[in-house]
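A.B. asks: Letter by letter, the chains look like this.
Number of protein chains: 2
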Amino acid sequence: MRNAQFSEPDPKTLDAIKRVLGPAGWKAPQDASRYFEDPRGRFRGQASLIALPASTAQVAEIVRLCAANSIGIVPYSGGTGVVAGQLAIDSDNAIVVSLERMNKVRHFSVDDSVIVVEAGCILENVHTAAQDHDMMFPLNMASKGSCCIGGNLATNAGGIQVLRYGNARDLCLGIEAVLPDGTVLDELSPLHKNNTGYDLRHLLIGSEGTLGIITAATLKLKPQYPDTSTAFLAIQSPAKGLAVFQEMKRHLGDTISAVELMRGLGLTLVASKFPGLRPPFAQTPDWAILLEASGALGLGDRMQEALGACFDKDLLTDAVVAQSQSQRDSLWALRENTPAANRMAGAFCNSDTSVPLSRIDDFVKDTLQAIFDIHPDVQINSYGHLGDGNIHHNVLPPNGVSKADFLSANPGIIDAVRLAINDVTQKHNGSISAEHGIGRLKTDDLETYASAARYDTLKRIKAALDPKSIMNPGALIR
Amino acid sequence: MRNAQFSEPDPKTLDAIKRVLGPAGWKAPQDASRYFEDPRGRFRGQASLIALPASTAQVAEIVRLCAANSIGIVPYSGGTGVVAGQLAIDSDNAIVVSLERMNKVRHFSVDDSVIVVEAGCILENVHTAAQDHDMMFPLNMASKGSCCIGGNLATNAGGIQVLRYGNARDLCLGIEAVLPDGTVLDELSPLHKNNTGYDLRHLLIGSEGTLGIITAATLKLKPQYPDTSTAFLAIQSPAKGLAVFQEMKRHLGDTISAVELMRGLGLTLVASKFPGLRPPFAQTPDWAILLEASGALGLGDRMQEALGACFDKDLLTDAVVAQSQSQRDSLWALRENTPAANRMAGAFCNSDTSVPLSRIDDFVKDTLQAIFDIHPDVQINSYGHLGDGNIHHNVLPPNGVSKADFLSANPGIIDAVRLAINDVTQKHNGSISAEHGIGRLKTDDLETYASAARYDTLKRIKAALDPKSIMNPGALIR
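So the protein sequences, as listed, match chains A and B.
Its first residue numbered 1, the first sequence is counted upward by one per residue in our numbering.
Its first residue numbered 479, the second sequence is counted upward by one per residue in our numbering.
No lab work stands behind these hints: they were computed from the structure.
Don't take every hint at face value.
What the hints assert, rightly or not - In the SDA-like style, the derived pairs of lysine to any residue whose C-alpha atoms are separated by at most 25 Å in a straight line are:
hint, chain 1, residue 1, chain 2, residue 2
1, A, LYS104, A, GLY22
2, A, LYS365, B, LYS946
3, B, LYS881, B, ASP934
4, A, LYS249, B, MET614
5, A, LYS222, A, SER358
6, B, LYS582, A, SER358
7, B, LYS727, A, SER109
8, B, LYS727, A, TYR165
9, B, LYS700, A, SER109
10, B, LYS843, A, VAL110
11, A, LYS222, A, ASN125
12, A, LYS427, B, ALA823
13, A, LYS249, B, LEU666
14, B, LYS937, A, ARG169
15, B, LYS946, B, SER533
16, B, LYS700, A, ASP186
17, A, LYS273, A, ALA345
18, A, LYS403, A, GLN369
19, B, LYS700, A, HIS133
20, B, LYS843, B, ALA823
21, B, LYS881, B, ARG821
22, B, LYS727, A, PRO138
23, A, LYS313, B, SER587
24, B, LYS905, A, THR183
25, B, LYS700, A, MET136
26, A, LYS104, A, THR183
27, B, LYS791, A, ALA296
28, B, LYS751, B, LYS700
29, A, LYS459, B, SER548
30, A, LYS459, B, LYS937
31, A, LYS403, A, GLN426
32, A, LYS468, B, SER587
33, B, LYS937, A, ASP186
34, A, LYS459, B, GLY660
35, B, LYS700, A, GLN369
All chains should be built: construct the whole structure from the sequences, respecting the hints.
C.D. replies: What follows is the structure in structure tokens.
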């Protein structure tokens, strides 16, 4: 039990918390198993209470009660995190605080190009609210229908448009948060420049609920563009993909919003698991890129010009440009259903690392080699955000072998593969967690791979801001 | 004396520091008065030694010696800061650490679109290095010929292209820094995604040397654009300026890189102080905007179209579009010489506040009123970065009255004006330091205007990372 510092919460304190929340504001753990589910089915959370506050004031009051009585708090957002940041897996002494009832749009300003939303607002609802005003919110990922803004910010979520618009932190102008002592930090004002001391917004974003609970945020909106062009490109290697990206940049500048890499093996896999989907090439390539740009009218012509230049330089073996929204959707469906296809095929390892762009080709070669050295017959489906240097390696059992059989015949292979990928990542000056965070899954890895200077600084900050260690105990830093 | 915790440094420790640096690596204070000069002539720095380290290892060794012997360190970059962040004004017990000898470009990568430079590299030299590779580094400000990257990052500098490219922090992918205990944090790898704990880069950027010394940085480069269009626009009010900006965005999208506001009074002032410069309008307008966009070829046509739409909506009273680079330079010279003209005219107050864009018009009205309430005859030259909500009010003596005479006849007016502007800024949910930072000039103001939650958190972080308070003592937080 890692949260040994917390004993079972005093029933009187739990009653006080329930009184703050009112009858509709909490659930008993036995009535709320969905808060304990891991999207990848590896963990099971626990808690002594599910708190469902309806306001920032209620969150603050609960945190004060927990601080005074040393009760751990696990903040819960959309529940889509894949590193168990939202799951207390070692003890049922903590309470879960889910902000699902705090899901309102507080304010919309066209002049400021911002929307102010509560943390429980579902990402897709932010997209819709922006579209209603002819604007758009660029943060986008497969889980958009269930993930919430609070979790997006707490984990500094990435997704498929980071290349152009940045990570979640880059799309947030202000936050409101309840700090570990129950005080409210209200910094929602949409300021583009504010140099009044350390940037607390950037400190809380990405802190995975270990320094406070983000309760609301001011999000940057972007103009909608009149034209979008989407191309699916067959290439021979990630190195060629990078060269295509560089050439495309010369023609399309920063209108490029996505450069997603897929492996031929992955295309075949998605098509086999989703019979409605078909790769657009006559012959399955070794690798493929999904590239999208949006901007002023006439983008289609510039895309054709750019592709012509890529063919002239022998960077592409085939290319398809979507001629309609439905063709665009079909191309994206190949990419977006990749995680599901991996799961269906028994993936037992899903990495989330990033390296400098200049290292990607060597990184992919080296990781594939390292994994095959562990077991020569596994299948590896590598895909991800080439433009961000963020590749996900999914490792599957050999063809025809079930996950259960393979894992029982190869004990320890999950850890061996994970560590091999981490070692290669470190060799190439990369990050062992590009976009998913540390949660409870990677706390050991963080301690192993972070520099002593980084890890010591993280611990000092945690101890200074959360001296009782009540905020998401066991996550990020133990 | 604010740094009372530090007594005079032990000569033996100073000798040890000198030995680390070698004979060319230090100066005695009496031989180095330039390190004590304030660009606005209000303060005078002091120190017991000027250290000029030649490497990160030397910086680390000096910091370790200072930490062990409780000697304060004032990091010094280009010396262009206007809030005395680089000047120990209360005591000569600290040592100045200037990184001017660490001015090399360590690495340039076209594939990664980055340049890795040491902290003492002058901003303009980074511009040149980028141009040599057909790229550009967007951070830009009037002091570019003398300010250095280390100071740019330590203060999270702003400047004239924040609108499109962000502040200094948004243009930095990685840093190397020496922490207050002398350990080196090496996080220079150009990663676009890295969620391995709290964002230490964003914490150190903008910390004004109070949490460590940034010794090197990995900076993001952008493509050069083939076309630039620059317009000087006569408008009736800041509100009209905001409406122009919104209309322009509909036509030019995020190709707009600068929207600078000037007052008619300011145009006349610049022309009177710089006889070579002339506002391009037949009649001096109440207000004017300098707007610039860059992007794909054909931008000039889109600019004309956008201006037509602005005239149709009655947002503009006059407009001039630069037809050549020399015309562009002349328009920018009006804006860039504004600070110098203010100084020459005896400006006794230079504010640096930001508010939400939607509040700018009321903010300007309210601040002008508040200043005239203090003294009805002063002249107010308001200018700045309209697109960022960052207006600088410069307050000048009445026409024909010298600064010295005016200030002796109106004791206390400097503080009265500063506080009046701060109060109006706070009323409009703004920041009392938009881009210049806190330094030693605004420590009282920070304590007054920051929320208790913010100020308490700043103090906790400072105490956790710099428990002996040796890093830039007296700056930011006392």
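A.B. asks: Against this structure, judge whether each hint is valid.
C.D. replies: Taking the hints in turn, this is what the structure says about them:
1. In summary, the hint linking A:LYS104 to A:GLY22 is supported, as the alpha carbons are separated by about 19 Å, within the 25 Å threshold.
2. Using a Cα cut-off of 25 Å, the hinted pair A:LYS365 and B:LYS946 is violated, with the two alpha carbons roughly 47 Å apart.
3. As the CA atoms of B:LYS881 and B:ASP934 are separated by approximately 39 Å, the hinted pair breaks the 25 Å bound.
4. Between A:LYS249 and B:MET614 the CA atoms are separated by roughly 14 Å; this keeps the pair inside 25 Å, and the hint holds.
5. Using a Cα cut-off of 25 Å, the hinted pair A:LYS222 and A:SER358 is violated, with the two alpha carbons roughly 30 Å apart.
6. Taking the CA atoms of B:LYS582 and A:SER358, the gap is about 22 Å. The hint holds against a cut of 25 Å.
7. With a C-alpha separation of about 15 Å, the suggested pairing of B:LYS727 with A:SER109 holds against the 25 Å cut-off.
8. For the given pair, B:LYS727 sits about 17 Å from A:TYR165 by alpha-carbon distance, which is consistent with the 25 Å threshold.
9. Under the criterion of a C-alpha separation no larger than 25 Å, the hint pairing B:LYS700 with A:SER109 is inconsistent with the structure, at around 30 Å.
10. The suggested pairing of B:LYS843 with A:VAL110 holds, with an alpha-carbon distance near 21 Å, which does not exceed 25 Å.
11. The straight-line distance between the Cα atoms of A:LYS222 and A:ASN125 is roughly 16 Å, inside the 25 Å bound, and the hint therefore holds.
12. Taking the CA atoms of A:LYS427 and B:ALA823, the gap is about 58 Å. The hint is violated against a cut of 25 Å.
13. Distance hint between A:LYS249 and B:LEU666 is fulfilled; the C-alpha atoms sit about 24 Å from each other, no more than 25 Å.
14. For the hint pairing B:LYS937 with A:ARG169, the CA-to-CA distance comes to about 23 Å; that is within 25 Å, so the pair holds.
15. A C-alpha spacing of about 24 Å is found between B:LYS946 and B:SER533, which places the hinted pair at or below 25 Å, so the restraint holds.
16. Between the alpha carbons of B:LYS700 and A:ASP186 the distance comes to roughly 34 Å, so the proposed pair goes past 25 Å and is violated.
17. The hinted pair formed by A:LYS273 and A:ALA345 meets the criterion: a straight-line CA distance of about 8 Å does not exceed 25 Å.
18. Only pairs whose Cα atoms come within 25 Å are accepted, and A:LYS403 paired with A:GLN369 is accepted, the gap being roughly 21 Å.
19. Between B:LYS700 and A:HIS133 the CA atoms are separated by roughly 30 Å; this puts the pair beyond 25 Å, and the hint is violated.
20. With a C-alpha separation of about 23 Å, the suggested pairing of B:LYS843 with B:ALA823 holds against the 25 Å cut-off.
21. Only pairs whose Cα atoms come within 25 Å are accepted, and B:LYS881 paired with B:ARG821 is accepted, the gap being roughly 10 Å.
22. Distance check on the hinted pair: B:LYS727 and A:PRO138 sit about 17 Å apart at the alpha-carbon level, within 25 Å; holds.
23. Of the pairs offered as hints, the one joining A:LYS313 and B:SER587 holds, with about 21 Å between alpha carbons and a cut-off of 25 Å not exceeded.
24. A hinted pair counts as satisfied when its Cα atoms are at most 25 Å apart, and B:LYS905 with A:THR183 qualifies at roughly 22 Å.
25. Between B:LYS700 and A:MET136 the alpha-carbon distance is near 24 Å, which keeps this suggested pair within the 25 Å criterion.
26. Restraint check for A:LYS104 and A:THR183: the C-alpha separation of about 22 Å stays at or below 25 Å, so the hint holds.
27. Restraint check for B:LYS791 and A:ALA296: the C-alpha separation of about 22 Å stays at or below 25 Å, so the hint holds.
28. At roughly 36 Å between alpha-carbon atoms, B:LYS751 and B:LYS700 are farther apart than 25 Å, so this suggested pair is violated.
29. Taking the CA atoms of A:LYS459 and B:SER548, the gap is about 23 Å. The hint holds against a cut of 25 Å.
30. Among the hinted pairs, A:LYS459 with B:LYS937 is consistent with the structure: their alpha-carbon atoms are about 16 Å apart, no more than 25 Å.
31. Of the supplied pair hints, the one linking A:LYS403 and A:GLN426 is violated, its CA atoms being roughly 28 Å apart against a limit of 25 Å.
32. Taken as a hint, the A:LYS468 and B:SER587 pair is broken in the structure, with Cα atoms around 45 Å apart against an allowance of 25 Å.
33. Of the pairs offered as hints, the one joining B:LYS937 and A:ASP186 holds, with about 17 Å between alpha carbons and a cut-off of 25 Å not exceeded.
34. For the given pair, A:LYS459 sits about 17 Å from B:GLY660 by alpha-carbon distance, which is consistent with the 25 Å threshold.
35. A hinted pair counts as satisfied when its Cα atoms are at most 25 Å apart, and B:LYS700 with A:GLN369 does not qualify at roughly 34 Å.
Hint compliance for this structure: hints 2, 3, 5, 9, 12, 16, 19, 28, 31, 32, 35 are broken, all remaining hints hold.
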